[in-house]
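> As a plain string of letters, each chain reads:
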Amino acid sequence: MSTLPASSISLDTRAAVEELYARYVKCLDDGAFDQWPGFFTKDCVYKLQARENYDRGLPLALMMFESHAMLVDRVFGITTTLYHQPYYQRHIVSGLMVNRNPDGSLHAEANYAVFRTKRNALTDVFNVGRYLDEIVEVEGTLKFRQKLCIYDSELVPNSLIYPI
Amino acid sequence: MNAPEQLPAAASPVHWARGTASRVPYRVYTDEELYRRELDRFFYTGHWCYAGLEAEIPNPGDFKRTAIGEREVILVRAADGSVQVVENRCAHRGVVFCQEKHGNAKDFTCPYHQWNYDLKGNLTGLPFRRGVKVRDEAGKVQVNGGMPADFKLEENGLTKLKVAVKGGVIFASFDHDVEDLDSYLGAVRPWFERAFNGRKLTLLGYSRQRIPGNWKLMQENIKDPYHPGLLHTWFVTFGLWRNDQRAQMITDAHGRHAAMVGWKNAGGKGEVTQGVTSFKEGMTLQDERVLDVVPEAWWAHPQGEPGAPPSACMQTIFPNLIIQHNVNSISTRQIIPVGPHAFDFIWTHFGFADDTAEMTQRRLRQANLFGPSGYVSADDGEVIELSQDGFRQSADNATVCELDGTGQGGAPHNVTETLIRSMYGYYRKVMEI
Chain A
1 MSTLPASSIS
11 LDTRAAVEEL
21 YARYVKCLDD
31 GAFDQWPGFF
41 TKDCVYKLQA
51 RENYDRGLPL
61 ALMMFESHAM
71 LVDRVFGITT
81 TLYHQPYYQR
91 HIVSGLMVNR
101 NPDGSLHAEA
111 NYAVFRTKRN
121 ALTDVFNVGR
131 YLDEIVEVEG
141 TLKFRQKLCI
151 YDSELVPNSL
161 IYPI
Chain B
165 MNAPEQLPAA
175 ASPVHWARGT
185 ASRVPYRVYT
195 DEELYRRELD
205 RFFYTGHWCY
215 AGLEAEIPNP
225 GDFKRTAIGE
235 REVILVRAAD
245 GSVQVVENRC
255 AHRGVVFCQE
265 KHGNAKDFTC
275 PYHQWNYDLK
285 GNLTGLPFRR
295 GVKVRDEAGK
305 VQVNGGMPAD
315 FKLEENGLTK
325 LKVAVKGGVI
335 FASFDHDVED
345 LDSYLGAVRP
355 WFERAFNGRK
365 LTLLGYSRQR
375 IPGNWKLMQE
385 NIKDPYHPGL
395 LHTWFVTFGL
405 WRNDQRAQMI
415 TDAHGRHAAM
425 VGWKNAGGKG
435 EVTQGVTSFK
445 EGMTLQDERV
455 LDVVPEAWWA
465 HPQGEPGAPP
475 SACMQTIFPN
485 LIIQHNVNSI
495 STRQIIPVGP
505 HAFDFIWTHF
515 GFADDTAEMT
525 QRRLRQANLF
535 GPSGYVSADD
545 GEVIELSQDG
555 FRQSADNATV
565 CELDGTGQGG
575 APHNVTETLI
585 RSMYGYYRKV
595 MEI
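From first to last, the protein sequence lines stand for chains A and B. Residues in the first sequence are numbered consecutively from 1, following my numbering. Residues in the second sequence are numbered consecutively from 165, following my numbering.
Just so you know, these hints were derived from the structure itself, not from any lab. Take these hints with a grain of salt, some might be off.
Stated by the list, open to error - Restricting the straight-line Cα-Cα distance to at most 35 Å, the calculated cross-link-like pairs of lysine-lysine (DSBU-like) are:
{"#": "1", "chain 1": "B", "residue 1": "K326", "chain 2": "A", "residue 2": "K118"}
{"#": "2", "chain 1": "B", "residue 1": "K330", "chain 2": "B", "residue 2": "K265"}
{"#": "3", "chain 1": "B", "residue 1": "K330", "chain 2": "A", "residue 2": "K118"}
{"#": "4", "chain 1": "A", "residue 1": "K42", "chain 2": "B", "residue 2": "K326"}
{"#": "5", "chain 1": "A", "residue 1": "K42", "chain 2": "B", "residue 2": "K270"}
{"#": "6", "chain 1": "B", "residue 1": "K326", "chain 2": "B", "residue 2": "K284"}
{"#": "7", "chain 1": "A", "residue 1": "K26", "chain 2": "B", "residue 2": "K444"}
{"#": "8", "chain 1": "B", "residue 1": "K284", "chain 2": "B", "residue 2": "K304"}
{"#": "9", "chain 1": "B", "residue 1": "K433", "chain 2": "A", "residue 2": "K42"}
{"#": "10", "chain 1": "B", "residue 1": "K330", "chain 2": "B", "residue 2": "K270"}
{"#": "11", "chain 1": "B", "residue 1": "K444", "chain 2": "A", "residue 2": "K143"}
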C-alpha cells in the first residue's frame, strides 16, 4: 500500500480554507456581489482565464483585475452598467487541495462547476474549471491574494457577467 | 370546384418593404434555406474569409484549426515558409482528421485508413495502394486488392483554398477565382493598412463565445454606430464612443465592408445624454488603470486629416471578420456561423512586437472592456440573442433601419444606420432576393 505524503497543513487550517470557499461561493450564488471584493486583499489579482490561454502561456483573460478597487468597479458594472439577462449561479466546488507556501501563505486548488439558470429557463452547465489560489491571513481572516479561475469550457454561452 | 388556398412554398419570395434595404425581413435571420444560400454565396464563393494571423503559425509545421462558414479548415505554415489553408476533411471517407486546435506537424495522417498528406494538402500515399501480395496454396504470388491503376495521388489531395496574406493577416477562399484581396477590401483598405502595416504582431490570446443569434447580426452590430452611446454605459459616460463625437462612416463601393471611425471626447453630461438611462453622471472608476489610454503613432488618419488621430476604428470585412481598434485594445473577431440561429465568435487579441511591457499590460487591462465578459461587449451578445428571439416570434415582420433616412453609403457622423442598409443592399444583389 502506498502512503500519502504528510500534509503540510493542519486539519484546522484545511477546515478554515473549506469554510472560506463555502462562504465565497455562497456570496456569489446569493448574488451578494457587493460582498465579493471583501474576500480579497487590497493588492489582489483575480483572473478568469480560458484554459487554452493559460496552458499556452497567452496572457489574455476574460476578466483580469489587479486590485481590490478593480473588483469594486466590476461590481458596479454588474449591478449598474452591464445590460444582461439576469441569471442565478450555483457553484459546486470539489477536490480541495491545500498546501503551505514557503512564505507562510497558502496555496489552494479546487475544481469548480457553475450552473446557470436564467429566468423561465432550464439550467445549463455554464462554466467548468479549476481555482488556483493564493490565500493569506489578514487580521485573523483568510483572504485571496490571488485567485485564478482557469476554465475548460471552450465556448462561453453568449456572455459571462458575474464573477466565478 | 374551388381549390383550397395554397400555403406559401418554403421558397416564396422575400418581401422587402419600401423596395429598399431599410426594412430587413425577419426571415433572412431565421430561414434555413436562405442560410444555406448565404453559406454558398458569401462563405464558399466570391469572397475572402478571415482565417487567422501569421503570428499564430510562426514556424514551419505550425498549424491552427478553424472554420470558414461551416467547413473546417487548417491553417498551416509549410516547410518553405508559405501559408497554406486546406480543408479539414480526408479525401477518402470525409473524416475531419485534425482534432487538435493548434500544434506543429510534419504532415497530416487520417486516423481511419492512414491516408497521408503533406503540409500543402497533397496526398503523399495511402496503405495498400498497390494491394497486398500473398501466396496461394500452390505457392504462387498474387496481389489482393489495391487501388485502380488510374488512381492518381495528385487528384485526391485535400481541398486547397486560395490564400492571401496582408500585413500579417491571413485570408482564404474556397473560390480560386475570387478577386485580389486589395481590390476586395476597396475603400476600407487604408484603414486595414493603418492597423496592419507590416509590423510583426504578438498574440495575446483568445476569447470564444457562442452567441445564439444569426451571424449577420454581429456584422450589423459593428455597422451600427447608433447603439454604442445608448447601450454601453462606459462609452457614453467616459466619451469613448457617443453620438456627439467626431466620426466618419465609410463603406466600400459594394456596401459590404465598413469602417466606423471615431474620435473619443471628454464624455460627461450633454445633449446626447439627456434621457439616456445608460449614462451615469458622476460615475468614476475606483481603479482608473482600465482607462489609462495612451495614444499610439499608428492611430494617425490614413488620409492625413488634421487634428487628433481617431481613437477607434471598427472594421467589418464581409462576411466573417471584425477588426477592433478601440483605444489601446486591438483584436480580430471571427464569425463562424452555426446554423441560422447561432454563431461562434472568436476574439484574437494581439499587440505589436515593439510594444513595451507596460503597453502589453495596458492592452490586457483594456481587454476588460471587450469580449464575452467585457464592459461594452457582453451586452452586445445579449441584445443579439434577444433580437433573434423576437425574429423567431413573428416571421412576417421586418426590422426598421431608417435612422438618417433610407439611403446607402458613408456618412460624416454616427447618428445613422446607413452602413446596415448598405450591407443589405449588397446582400440582396448577391442573394438575388
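> Does K444/B sit within 35 Å of K26/A, going by the straight-line distance between their CA atoms?
The hint holds at about 30 Å.
> Is the hinted pair K444/B and K143/A satisfied, with a Cα-Cα distance of at most 35 Å?
32 Å, holds
> With a cut-off of 35 Å on the C-alpha distance, tell me whether K42/A and K270/B pass.
Roughly 49 Å separates the two Cα atoms, so the pair is violated.
> Quick one, are K326/B and K284/B close enough, alpha carbons at most 35 Å?
The given pair, whose Cα atoms are some 12 Å apart, holds under the 35 Å limit.
> What's the verdict on K284/B and K304/B, does the C-alpha distance respect the 35 Å limit or exceed it?
Since the Cα atoms of K284/B and K304/B sit roughly 41 Å apart, the hinted pair is violated (cutoff 35 Å).
> Tell me if the straight-line CA distance from K326/B to K118/A falls inside 35 Å.
Not OK: K326/B and K118/A at ~44 Å, beyond 35 Å, violated.
> Can the restraint linking K433/B and K42/A be considered satisfied, given a maximum Cα separation of 35 Å?
Cα-Cα ~32 Å, so holds.
> Against the 35 Å threshold, does the CA-CA distance of K330/B and K118/A hold or violate the hint?
43 Å, violated
> Between K330/B and K270/B, does the CA-CA distance stay at or below 35 Å?
With Cα atoms ~25 Å apart, K330/B and K270/B stay inside 35 Å; holds.
> Holds or violated: K42/A with K326/B, Cα cutoff 35 Å?
53 Å, violated
> Given the hinted pair K330/B and K265/B, is their Cα-Cα distance within 35 Å?
23 Å, holds
Hint compliance for this structure: hints 1, 3, 4, 5, 8 are broken, all remaining hints hold.
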